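Chemist: Sequence:
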Amino acid sequence: MKTLHNNYCNSKQGYLPLFLSDCLDLLDPVLTFDRLMGGIDLNKYLTDIPEYTTGRLRYNPVNMLKTVLFGFMTSGYCSLRELEDNCKVNIRFMYLMDHQTPSYRTFGYFINEILQDKIENIFNDINHAIFNEEHVDLQHLYIDGSKFEANANKYTWVWKKATEKFRYKLYEKITAEIEKINAEIAWSGVQITTNKNPDVNFEVHDGITYTLYDYLQEGIIDISVVRTPLRLDEVESVILHEEPMIAVSNPAMSENETDSLALTDLVHKPLILYRRYEKLIMDAFHAQNLVPEVFCLCDDARGATLWVKEGLATAIFPQSMQPLCEGLTCQVLDEVDLMTKILLIWKKERKPSALVQEFMKVCLK
Numbered sequence: 001m002k003t004l005h006n007n008y009c010n011s012k013q014g015y016l017p018l019f020l021s022d023c024l025d026l027l028d029p030v031l032t033f034d035r036l037m038g039g040i041d042l043n044k045y046l047t048d049i050p051e052y053t054t055g056r057l058r059y060n061p062v063n064m065l066k067t068v069l070f071g072f073m074t075s076g077y078c079s080l081r082e083l084e085d086n087c088k089v090n091i092r093f094m095y096l097m098d099h100q101t102p103s104y105r106t107f108g109y110f111i112n113e114i115l116q117d118k119i120e121n122i123f124n125d126i127n128h129a130i131f132n133e134e135h136v137d138l139q140h141l142y143i144d145g146s147k148f149e150a151n152a153n154k155y156t157w158v159w160k161k162a163t164e165k166f167r168y169k170l171y172e173k174i175t176a177e178i179e180k181i182n183a184e185i186a187w188s189g190v191q192i193t194t195n196k197n198p199d200v201n202f203e204v205h206d207g208i209t210y211t212l213y214d215y216l217q218e219g220i221i222d223i224s225v226v227r228t229p230l231r232l233d234e235v236e237s238v239i240l241h242e243e244p245m246i247a248v249s250n251p252a253m254s255e256n257e258t259d260s261l262a263l264t265d266l267v268h269k270p271l272i273l274y275r276r277y278e279k280l281i282m283d284a285f286h287a288q289n290l291v292p293e294v295f296c297l298c299d300d301a302r303g304a305t306l307w308v309k310e311g312l313a314t315a316i317f318p319q320s321m322q323p324l325c326e327g328l329t330c331q332v333l334d335e336v337d338l339m340t341k342i343l344l345i346w347k348k349e350r351k352p353s354a355l356v357q358e359f360m361k362v363c364l365k
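Oh and the sequence shown: position 96 is 96 in the UniProt record's numbering, straight run, nothing missing.
Note that these hints are calculated values from the structure, not bench results. Among these hints, one or two may not hold up.
Derived DEER-like restraints, expressed as beta-carbon distance ranges [stated by the list, open to error]:
#: 1; residue 1: 31; residue 2: 286; range: 40 to 48 angstroms
#: 2; residue 1: 260; residue 2: 38; range: 47 to 55 angstroms
#: 3; residue 1: 358; residue 2: 229; range: 24 to 32 angstroms
Straight line, CA to CA, 25 angstroms or less: simulated DMTMM-like cross-link-like pairs of lysine to aspartate or glutamate [claimed, not checked]:
#: 4; residue 1: 88; residue 2: 113
#: 5; residue 1: 118; residue 2: 133
#: 6; residue 1: 361; residue 2: 203
#: 7; residue 1: 173; residue 2: 310
#: 8; residue 1: 347; residue 2: 214
#: 9; residue 1: 309; residue 2: 265
#: 10; residue 1: 118; residue 2: 51
#: 11; residue 1: 279; residue 2: 299
#: 12; residue 1: 44; residue 2: 117
#: 13; residue 1: 341; residue 2: 326
#: 14; residue 1: 309; residue 2: 349
#: 15; residue 1: 269; residue 2: 293
#: 16; residue 1: 347; residue 2: 358
#: 17; residue 1: 44; residue 2: 133
#: 18; residue 1: 361; residue 2: 236
#: 19; residue 1: 347; residue 2: 259
#: 20; residue 1: 351; residue 2: 236
#: 21; residue 1: 361; residue 2: 242
#: 22; residue 1: 279; residue 2: 337
#: 23; residue 1: 351; residue 2: 222
#: 24; residue 1: 341; residue 2: 206
#: 25; residue 1: 118; residue 2: 172
#: 26; residue 1: 279; residue 2: 349
#: 27; residue 1: 361; residue 2: 265
#: 28; residue 1: 341; residue 2: 310
#: 29; residue 1: 361; residue 2: 349
#: 30; residue 1: 88; residue 2: 133
#: 31; residue 1: 269; residue 2: 259
#: 32; residue 1: 348; residue 2: 259
#: 33; residue 1: 269; residue 2: 236
#: 34; residue 1: 269; residue 2: 133
#: 35; residue 1: 351; residue 2: 133
#: 36; residue 1: 88; residue 2: 98
#: 37; residue 1: 348; residue 2: 117
#: 38; residue 1: 341; residue 2: 283
#: 39; residue 1: 279; residue 2: 137
Since the model is a prediction, treat every value here as computed from it, not as a measurement. Backbone N, C-alpha and C define an ideal beta-carbon position, used for all residues, glycine too.
Kindly generate the complete structure, drawing on both the sequences and the hints.
Modeler: Below you can see the structure in the form of structure tokens.
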């Protein structure tokens, strides 16, 4: 027999809890967001809201601001109608708006009229709150140069060859520059001394300043040509040449087109420092009560010049490295404290032989 009556029994029952926060996981992003925003004074950005006179009561402006920010946080870009719909069906937005459901027009008015010209200050306050909460290190810049592509090893055949080619060319330039310096400082001395003493043979050791210094202390070599800064308490020395530092920058980023700069011109620029000259450069800044903005410390000219070419920072090099900075702007740093010296050194307790002294005199000329 066909049933002709209506079933008025509703199987959906009321249930506890009554608070929406109890329905959310303890680690839910909206609870973390609400807790963080609770530590920021948002009311100072909502003081120019027109005073309520007639009509319905206004929505809580703090809740409105939290809802707008959370909507853009979760969606990247959130339309006004999505905000309206989320307040009706999304438990997270219901929690933020305390069950109230503003229309898309209300959200539009709030964003365009109330938050106008304030969003940058709000963004700064949120950043400061995150920095304090998470103890973010603001003294160092960490660079992640990773590239993630859909196709594995997509760039290996492109960038690897280009990098190796650039590296070899740079090494060729460095070698040529070293040979040029050797020719200017030492080779003429070798040639003159050999002409006077044809039976004498020379043994030449190439290396960085610290390596040559160790060779001198171990008695492997009699004299050496080195560059300051260097400990001189255990050696005798004479100055062959004095050389300033240069600031190397991308031409597009250069603000001052003069041939020389002062340290005050570099205060607000990110800097790349050679690790070996770090103390020398930092002491020069501090002597003038200046605090430099150090982008990074490096030991590799190749990496430093690449970063400079990308416009990431300004590098500080000895002037003799200028030939390696092709296509870049090089300006002399007119600072006495940043002068480096090319020295001829020998061990204190080991008096140079007559032949070595003759060679030294030729080099000094």
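Chemist: With reference to the structure, classify each hint as holding or not holding.
Modeler: Against the structure, the hints:
1. 31 to 286: 40 to 48 angstroms: Taking Cβ atoms as reference, residue 31 and residue 286 lie about 47 angstroms apart, which means the hint holds.
2. 260 to 38: 47 to 55 angstroms: Holds, at about 54 angstroms.
3. 358 to 229: 24 to 32 angstroms: holds, 29 angstroms
4. 88 to 113: With Cα atoms ~24 angstroms apart, residue 88 and residue 113 stay inside 25 angstroms; holds.
5. 118 to 133: holds, 23 angstroms
6. 361 to 203: At roughly 18 angstroms apart (the allowed maximum being 25 angstroms), residue 203 and residue 361 satisfy the hint.
7. 173 to 310: holds, 20 angstroms
8. 347 to 214: Answer holds: residue 347 to residue 214 is near 11 angstroms, not above 25 angstroms.
9. 309 to 265: holds, 20 angstroms
10. 118 to 51: holds, 19 angstroms
11. 279 to 299: holds, 14 angstroms
12. 44 to 117: holds, 13 angstroms
13. 341 to 326: With Cα atoms ~24 angstroms apart, residue 341 and residue 326 stay inside 25 angstroms; holds.
14. 309 to 349: Not OK: residue 309 and residue 349 at ~47 angstroms, beyond 25 angstroms, violated.
15. 269 to 293: holds, 6 angstroms
16. 347 to 358: holds, 17 angstroms
17. 44 to 133: Measuring from Cα to Cα gives roughly 21 angstroms; hence the hint holds.
18. 361 to 236: holds, 15 angstroms
19. 347 to 259: violated, 39 angstroms
20. 351 to 236: holds, 10 angstroms
21. 361 to 242: holds, 18 angstroms
22. 279 to 337: Within the cut-off at roughly 11 angstroms; holds.
23. 351 to 222: This hinted pair holds, its Cα atoms lying about 9 angstroms apart.
24. 341 to 206: Status holds; Cα separation ~18 angstroms.
25. 118 to 172: Roughly 55 angstroms separates the two Cα atoms, so the pair is violated.
26. 279 to 349: With Cα atoms ~29 angstroms apart, residue 279 and residue 349 exceed 25 angstroms; violated.
27. 361 to 265: Between residue 361 and residue 265 the Cα gap is close to 41 angstroms, so the pair fails against 25 angstroms, i.e. violated.
28. 341 to 310: Distance of about 31 angstroms is beyond 25 angstroms: violated.
29. 361 to 349: It holds: about 20 angstroms lies between the C-alpha atoms, which stays within 25 angstroms.
30. 88 to 133: Violated: residue 88 and residue 133 sit about 32 angstroms apart, past 25 angstroms.
31. 269 to 259: holds, 18 angstroms
32. 348 to 259: Given pair residue 348, residue 259 is violated - Cα atoms ~40 angstroms apart, limit 25 angstroms.
33. 269 to 236: It is violated: about 39 angstroms lies between the C-alpha atoms, which goes past 25 angstroms.
34. 269 to 133: violated, 29 angstroms
35. 351 to 133: At roughly 64 angstroms apart (the allowed maximum being 25 angstroms), residue 133 and residue 351 break the hint.
36. 88 to 98: Answer holds: residue 88 to residue 98 is near 11 angstroms, not above 25 angstroms.
37. 348 to 117: violated, 70 angstroms
38. 341 to 283: holds, 17 angstroms
39. 279 to 137: holds, 23 angstroms
The structure fails to meet hints 14, 19, 25, 26, 27, 28, 30, 32, 33, 34, 35 and 37 from the earlier list, while all remaining hints are met.
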